[in-house]
Amino acid sequence: MYEKDGEKYFIVDSHMHYWNAAPSNWVKGAEQYAKGWIECFHAYQSLGPQETHWPIEKFMGYTEDDLMKDVFEDGYVDIAVFQPTYLKEWYAEGFNTTERNAALGEKHPGMFIANTRFDPRDGDVGLEELRRNVERYGSKGVKLYTAEWNNGSRGYKLSDPAAYRYLEKAQELGIKNIHVHKGPTIWPLDKDAFDVSDVDHAATDFPELNFIVEHVGLPRIEDFCFMATQEPNVYAGLSVVIGGLMHARPKFFARVMGELLFWVGEDKMTFGSDYGIWEPKWQIEGFVDWDYPSDEFSDFPRVTTATKKKILGLNAARLYDIKVPAEYQLPVVPSAREAEESAQLVTES
Amino acid sequence: MTVSTDTTVVSAALSALATVRDPELDEPITTLGFVASCVVSCEGRAVVRLRLPTYFCAPNFAFLMVADAYDAVTAVQGVRSAEVILEDHFASDAINAGVAAQAGFVQSFDGEAVAELGDLRAQFLRKAVMAGTDQVCRPLVAAGVTPAELLVLTLGAVPASPELLRLRERRAELGLAAGDDAPLLIDPGTGARIDEAAVPLHLRKARVTRAGIEANTSICSGMFRVRYPDG
Numbered sequence: 007m008y009e010k011d012g013e014k015y016f017i018v019d020s021h022m023h024y025w026n027a028a029p030s031n032w033v034k035g036a037e038q039y040a041k042g043w044i045e046c047f048h049a050y051q052s053l054g055p056q057e058t059h060w061p062i063e064k065f066m067g068y069t070e071d072d073l074m075k076d077v078f079e080d081g082y083v084d085i086a087v088f089q090p091t092y093l094k095e096w097y098a099e100g101f102n103t104t105e106r107n108a109a110l111g112e113k114h115p116g117m118f119i120a121n122t123r124f125d126p127r128d129g130d131v132g133l134e135e136l137r138r139n140v141e142r143y144g145s146k147g148v149k150l151y152t153a154e155w156n157n158g159s160r161g162y163k164l165s166d167p168a169a170y171r172y173l174e175k176a177q178e179l180g181i182k183n184i185h186v187h188k189g190p191t192i193w194p195l196d197k198d199a200f201d202v203s204d205v206d207h208a209a210t211d212f213p214e215l216n217f218i219v220e221h222v223g224l225p226r227i228e229d230f231c232f233m234a235t236q237e238p239n240v241y242a243g244l245s246v247v248i249g250g251l252m253h254a255r256p257k258f259f260a261r262v263m264g265e266l267l268f269w270v271g272e273d274k275m276t277f278g279s280d281y282g283i284w285e286p287k288w289q290i291e292g293f294v295d296w297d298y299p300s301d302e303f304s305d306f307p308r309v310t311t312a313t314k315k316k317i318l319g320l321n322a323a324r325l326y327d328i329k330v331p332a333e334y335q336l337p338v339v340p341s342a343r344e345a346e347e348s349a350q351l352v353t354e355s
Numbered sequence: 076m077t078v079s080t081d082t083t084v085v086s087a088a089l090s091a092l093a094t095v096r097d098p099e100l101d102e103p104i105t106t107l108g109f110v111a112s113c114v115v116s117c118e119g120r121a122v123v124r125l126r127l128p129t130y131f132c133a134p135n136f137a138f139l140m141v142a143d144a145y146d147a148v149t150a151v152q153g154v155r156s157a158e159v160i161l162e163d164h165f166a167s168d169a170i171n172a173g174v175a176a177q178a179g180f181v182q183s184f185d186g187e188a189v190a191e192l193g194d195l196r197a198q199f200l201r202k203a204v205m206a207g208t209d210q211v212c213r214p215l216v217a218a219g220v221t222p223a224e225l226l227v228l229t230l231g232a233v234p235a236s237p238e239l240l241r242l243r244e245r246r247a248e249l250g251l252a253a254g255d256d257a258p259l260l261i262d263p264g265t266g267a268r269i270d271e272a273a274v275p276l277h278l279r280k281a282r283v284t285r286a287g288i289e290a291n292t293s294i295c296s297g298m299f300r301v302r303y304p305d306g
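Those sequence lines, one after another, are chains A and B. When you line the first sequence up against my numbering, it's residues 7 to 355, in that order. When you line the second sequence up against my numbering, it's residues 76 to 306, in that order.
Calculated from the structure, these hints are not laboratory results. On a predicted model such as this, the values are computed, not experimentally measured, just so you know. Backbone N, C-alpha and C fix where the C-beta goes; we use that ideal spot for every residue, glycine too. Hints are not guaranteed to be accurate.
[Claimed, not checked] Quick partial rundown of chain A residues pointing at chain B, CB under 7 Å, derived from the structure:
no. : residue
1   : A49
2   : T210
3   : D211
4   : E228
5   : R261
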């Protein structure tokens, strides 16, 4: 938890990792991709404050102690949600798998939520693996990385029939939250691979699932915003937005936040540090202190303490049924309709 | 690095490269730093080296930039042959070989692509038109121009500015009306006028489109500076 100016913030880091990208984990013959991937991630880290940069050696394989210190001891996080990414074509034992994450989680009960993942191209075997993971790790969410390379295929769409089959199965198994990552995706090659319209289709057809679009569809914020405003079950995952823009490009950060607050709204935005890319500490401190920098932003929705409490933890706590102690909750203000109803009750009695 | 016995040919080649834009960011590859070097030999052989912010930048946009750079440099007077080399990219080999052979995108990525990239380029030009609409309209709105007034405004009636010129150029590239009599507010997909009731939403869409492109550009240039700190 984080406390500032007498306000207490319950922190859910809804998007973080425990990866192994060390050279010993690179697949023979695919070393250039494994190296290219982690170097690309490392460059993202440089968009944060200088004193939080790591040397590439640490970045490739930070330890359990690093993670526990950076995320919980120094980083104010109450509950962290592991989001696995496999990339097994490049990383022999996977980049960060459900098993690796969960093994760490089991050593620290109550601190982590272990999401799992699926890849619709894995057929019946993948469906069975999904079932096993949900049963074993109690996963309530999955992370989907549509740009993953898989046996010659360079990616998939959430609207593919195979993906629908997996979404149906996930829902049946009790999964509630689908975190979608449109990352540095390259497929389909002849179209805009960052296009989010497949999420739109899936969100319409699976109204009981929540779709958290990580990195808010960056670099296609506009497409994401148009979609999110029409789909009640689409959320904005703020990983990369805070980490990549707040420090490096504060003016663009303000404009992106303003747009998200306008189109998506403060009830559907969730904080994720994207650790180990960025440590949560500076992101949380900076975001709690943040406001629009000038009058230029006067026609964007206001940012209040309540806005920040929702984004930093309360929204994700709702998605994951996390019990939040009363001291961190927002004061309950009855909605207009409830107020009207209770007024009516008074009149009737 | 620019080496030639004939500096006028090199500067002409660089001017030609300045007309090549990153289709996604809508900025010239020269100002983005993507041109690592441009060399023209005494025999008129041009060699251009390009580099991008990450190893995994989208190959379709990368292909367009390499192919456009090839076309631009080849057209320069004094250049007899050109080679454009994309460096440090996971698909460098396919792109470089494809452009050198003037093979087109589908052939260059045999089995992985079914269409050439004209539609993709047009899609991003439409985004550029929306972003340009915000650039042109925002100062007008700040000066008190109402939505109803914006609706009847023509391009010729808007005070001249680099942003207006850019908007006209992007519209012209899409085959949309860009002359003095053309309305300022149009749907970039159809070219149709915007209905009065839809003006506020149109402006909001223009604003978020611009925010998206500019945020993307800022992240890309941040990544580029880390990758090529001396560039």
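Going through the hints against the structure:
1. A49: holds, 4 Å
2. T210: violated, 21 Å
3. D211: violated, 25 Å
4. E228: holds, 4 Å
5. R261: holds, 4 Å
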